[in-house]
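Listed in order, the protein sequences are those of chains A and B. Residues in the first sequence are numbered consecutively from 1, following full-length UniProt numbering. Residues in the second sequence are numbered consecutively from 1, following full-length UniProt numbering.
Derived by calculation from the structure, the hints in this document are not laboratory data. Computed from a predicted structure; not experimentally measured. One or more of the hints may lead you astray.
Under the rule of at most 25 Å between Cα atoms (straight-line distance), these lysine-lysine pairs were calculated in the DSS-like manner [what the hints assert, rightly or not]: (1) B:K427 / B:K380; (2) B:K293 / A:K154; (3) B:K259 / A:K3; (4) B:K154 / B:K219; (5) A:K443 / A:K388; (6) A:K3 / B:K228; (7) B:K3 / A:K89; (8) B:K225 / B:K131; (9) B:K131 / A:K154; (10) A:K89 / A:K293; (11) A:K293 / B:K3; (12) B:K131 / A:K131; (13) A:K453 / A:K377; (14) B:K228 / B:K259; (15) A:K225 / B:K3; (16) A:K3 / B:K131; (17) B:K154 / A:K293; (18) B:K388 / B:K131; (19) A:K259 / B:K3; (20) B:K3 / A:K219; (21) A:K293 / A:K259; (22) A:K165 / A:K427; (23) A:K131 / A:K165; (24) B:K64 / A:K64; (25) B:K3 / A:K218; (26) A:K379 / A:K393; (27) B:K219 / A:K131; (28) B:K377 / B:K424; (29) A:K3 / B:K219; (30) A:K3 / B:K64; (31) A:K3 / B:K427; (32) A:K393 / A:K453; (33) B:K154 / A:K154; (34) A:K3 / B:K380; (35) B:K225 / B:K259; (36) B:K377 / B:K388; (37) B:K3 / A:K228; (38) A:K3 / B:K293; (39) A:K131 / B:K154; (40) B:K180 / B:K424.
2 protein chains.
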Amino acid sequence: MSKLNFAIAPAVEATEAPPIPRAQAWGREYVSTSSNASTAELLDLSQGVPRSAPHPDVLTSLAKTSSDPATARYGPILGEPTLRSAVAKEINIQYGIDDHEGGVQADDIAITTGCNMAFLTLLMVLCPPGKSSILLPLPAYFNQSMCLSLQSVKPVYIPCDPQNKFKASLESARSFLASKLGNTDTTNGDNDGILPRMICLTSPNNPTGAVYDHDEIKKWYELAKEYKVALVLDETYRDFVEGEDGESRGVPHRLFEEKDWRENLVCLGSFSKGYRIPGHRLGSIIASPALLKHLTTICDCMQICAPRPPQLALAPLLPDLRSDLLSASRQLSHRRHLFTETVNSVPGWSVISTGGYFAYVQFPSDYQYASSVLGLKRKKLGSEDVAKVLATKVGVVTLPGSFFMPNLKDDEAWDEVVGGDEIKEDKWLRFAVANVEDEVVLKLGPRLREMNKLMGMEE
Amino acid sequence: MSKLNFAIAPAVEATEAPPIPRAQAWGREYVSTSSNASTAELLDLSQGVPRSAPHPDVLTSLAKTSSDPATARYGPILGEPTLRSAVAKEINIQYGIDDHEGGVQADDIAITTGCNMAFLTLLMVLCPPGKSSILLPLPAYFNQSMCLSLQSVKPVYIPCDPQNKFKASLESARSFLASKLGNTDTTNGDNDGILPRMICLTSPNNPTGAVYDHDEIKKWYELAKEYKVALVLDETYRDFVEGEDGESRGVPHRLFEEKDWRENLVCLGSFSKGYRIPGHRLGSIIASPALLKHLTTICDCMQICAPRPPQLALAPLLPDLRSDLLSASRQLSHRRHLFTETVNSVPGWSVISTGGYFAYVQFPSDYQYASSVLGLKRKKLGSEDVAKVLATKVGVVTLPGSFFMPNLKDDEAWDEVVGGDEIKEDKWLRFAVANVEDEVVLKLGPRLREMNKLMGMEE
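Construct all of the structure, not just a fragment, from the sequences and the given hints.
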């Protein structure tokens, strides 16, 4: 690779690419070294992607809109009016909002080229580089950490509590905001020129699968409101919130019933998971038109418009696709239960939290001291060591928790984490359960037992 | 519109939306006030968009790839390998590079969600916010100016010379770089912490239509190389460079024959103009893999991948579409000649430069002193006044040159312009000639004569 005669921006140079290829390489090592074809079947639970094809009606509609010369022309910056209306309607139904009480309007919706873009544009709208921070629960989705690094926005990591199904600590967030912005009555904040601009919660969470209920989210809403920062909910996996009866789709939260939601709340969504069309690139933002006005400026420079054919293909179909969403949600719910049962039945293994596409799983504590078994010199094994052995030796590919702890190896970086030492323990793996069939989940039991044996655990 | 309880980033708040809707409103005013249906025909030459539908083979292919469940999955961050290879091949052919001499490789190509994104990501890769500047010819495409404003990158406007068909002044650029970075032998530059990181040339240009030939571009290349900044060529309209014989497609430049092009050069391209699919959102970047490695980080956070169906639809078709590109280029070349002839035949009107989709036209100097004719109190009329009258009274919609001079009204902002006072004269209009038929161009003559009469000019 030739060198360059010009400089790269330091923030970009300092931002590391996601470590996923490393995990995939472990999987390939298993396949290439296994002699027995039957044991060589790789169980890949590393990727948070939908397994099945889009609904046939979606494919038919895509063929039609893609070959229509009219959709080949530029479209409106914030999205097709038909799709913005259709999304608003679906949101009102999913969140149980009576239409006559107002609810979310088409003008509150923006369509972006995927949900990563939704997050990045929002970061640009709210957070001046070098002068702002955001509160982000740890472990964190690596694309979010990367966006912060690229934009020189300081992450203030709020530890999640493994004792509380990996929910972020509201008290840590509150004490940080109080120290930084002062009591809201006074102005004695510790101001170093870097001001918190938003709190970002992902629910259902990536990587932990944690699902925040309405009462929990409401507390975060009140906190954000008190300190005048935006509450940003990344709801990429909202279509997979389970209803209380385990059969219906659940209501993610009731914040849209707050009279002042537009002043405090932003919700991000994706079409990639529910409608299974990640390759077509569509995401959404629900926010006040007062915010979307500024988003228009950024979107004009970044995307001009999101790809039009998938927008126009989906708009008329959303009502009919409700039953498809429900059945996908039920299927995934069933798989999560099967997964939890299977994993928890293996000695030492324990599912700590699960929801949406993911489960966060604690491996046996004995593993941490099994370095001699593996002939390694390390004192204590971490999640990356364990994930590597699990993939290369028993053919189960997962992502180690350390991939979601951007600064685990950098002691100083822990200053950025507010409280909660327990999260520093490096003993979890992320399993993605959306991209596999039930049979694969059932095969996990024997594999994890094989792993236990390999790591020197007694039956 | 409800107010927000949180802050918007100042750079975003300070960035103005493009003024195009203002020009479009003038057009609507003409339509709604004209009583005679025949004179009411609006001649809209304001928008730089392709007029015709995509080639039928493209539409057929789009229908196929869009409805293929396989393309609904995520794709590679920098683009489909088949499209990257196909683009490399087309570039080598268009730029007349012998394959056996090396030439552009698939690894030198990145696919983005449109060319605006290509420019923005490049700005992010090269220019740290608040600490860098770029050299940009003035007049400038407003989305580029907006990107700079959003990213807090300082524009150093290099004036274009109306006496030289609106080519940017190389000497102004050189003297600025020398003052800022010192002679390359010494290090006595005037360093205020804001360093120039790139020179951006758009050829064929938006808005002026100026086409830089190889010898001119080569000088800019040498300058960029000497001062170790990137030369970025925005070649959105490269498919419409005329060959010397007026019949073939021209070679935009021969920089890819330089042994060290990867160390100094970046070229941006679009699929929206040549292949007429702006609604499908595809753009491209040609650069060193050493640069694209960093671009991957940004693209992963911004787009994950560009929409896959149009990538996979186009990849196998590019060789067959060469004849379509050639015929579109010839057609546009013919229209530009017709346009120039028509406009130049009207007293006082003069086409100063034209190429690609655009022509930059000087209106009669008498207009500047016609405020009394219009009953306006202003001393001197500018391009916005003239464009407004032209649209509302005679039904010809153009964009005033002032739309491409971001700081025309702000005297202090002129400090950012390096030399060249002539460019401050506000006497040009941008005509887009790609989105109209020849009949419309022919109708321009009588309309411009009508305008002359209206502005009090004698025949």
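Hint by hint, here is what the structure shows:
1. B:K427 / B:K380: With Cα atoms ~11 Å apart, B:K427 and B:K380 stay inside 25 Å; holds.
2. B:K293 / A:K154: holds, 24 Å
3. B:K259 / A:K3: OK: B:K259 and A:K3 at ~13 Å, within 25 Å.
4. B:K154 / B:K219: holds, 23 Å
5. A:K443 / A:K388: The given pair, whose Cα atoms are some 19 Å apart, holds under the 25 Å limit.
6. A:K3 / B:K228: holds, 12 Å
7. B:K3 / A:K89: The hint holds at about 24 Å.
8. B:K225 / B:K131: holds, 20 Å
9. B:K131 / A:K154: Satisfied, since the Cα-Cα distance of roughly 18 Å is no more than 25 Å.
10. A:K89 / A:K293: At roughly 21 Å apart (the allowed maximum being 25 Å), A:K293 and A:K89 satisfy the hint.
11. A:K293 / B:K3: holds, 12 Å
12. B:K131 / A:K131: Cα-Cα ~14 Å, so holds.
13. A:K453 / A:K377: OK: A:K453 and A:K377 at ~20 Å, within 25 Å.
14. B:K228 / B:K259: Holds, because 16 Å separates the two Cα atoms, which is no more than 25 Å.
15. A:K225 / B:K3: Between A:K225 and B:K3 the Cα gap is close to 13 Å, so the pair holds against 25 Å.
16. A:K3 / B:K131: Holds - the C-alpha atoms of B:K131 and A:K3 are around 23 Å apart, at most 25 Å.
17. B:K154 / A:K293: holds, 24 Å
18. B:K388 / B:K131: violated, 38 Å
19. A:K259 / B:K3: Holds, at about 13 Å.
20. B:K3 / A:K219: holds, 22 Å
21. A:K293 / A:K259: Roughly 20 Å separates the two Cα atoms, so the pair holds.
22. A:K165 / A:K427: Distance of about 14 Å is within 25 Å: holds.
23. A:K131 / A:K165: violated, 33 Å
24. B:K64 / A:K64: holds, 10 Å
25. B:K3 / A:K218: holds, 21 Å
26. A:K379 / A:K393: Given that 25 Å is the threshold and the Cα spacing comes to 21 Å, the pair holds.
27. B:K219 / A:K131: violated, 39 Å
28. B:K377 / B:K424: holds, 22 Å
29. A:K3 / B:K219: holds, 22 Å
30. A:K3 / B:K64: violated, 41 Å
31. A:K3 / B:K427: violated, 45 Å
32. A:K393 / A:K453: holds, 12 Å
33. B:K154 / A:K154: Holds - the C-alpha atoms of A:K154 and B:K154 are around 23 Å apart, at most 25 Å.
34. A:K3 / B:K380: violated, 53 Å
35. B:K225 / B:K259: holds, 13 Å
36. B:K377 / B:K388: Satisfied, since the Cα-Cα distance of roughly 16 Å is no more than 25 Å.
37. B:K3 / A:K228: holds, 12 Å
38. A:K3 / B:K293: Holds, at roughly 12 Å.
39. A:K131 / B:K154: At roughly 18 Å apart (the allowed maximum being 25 Å), B:K154 and A:K131 satisfy the hint.
40. B:K180 / B:K424: Satisfied, since the Cα-Cα distance of roughly 24 Å is no more than 25 Å.
Violated hints, in rising order: 18, 23, 27, 30, 31, 34; the structure is consistent with all others.
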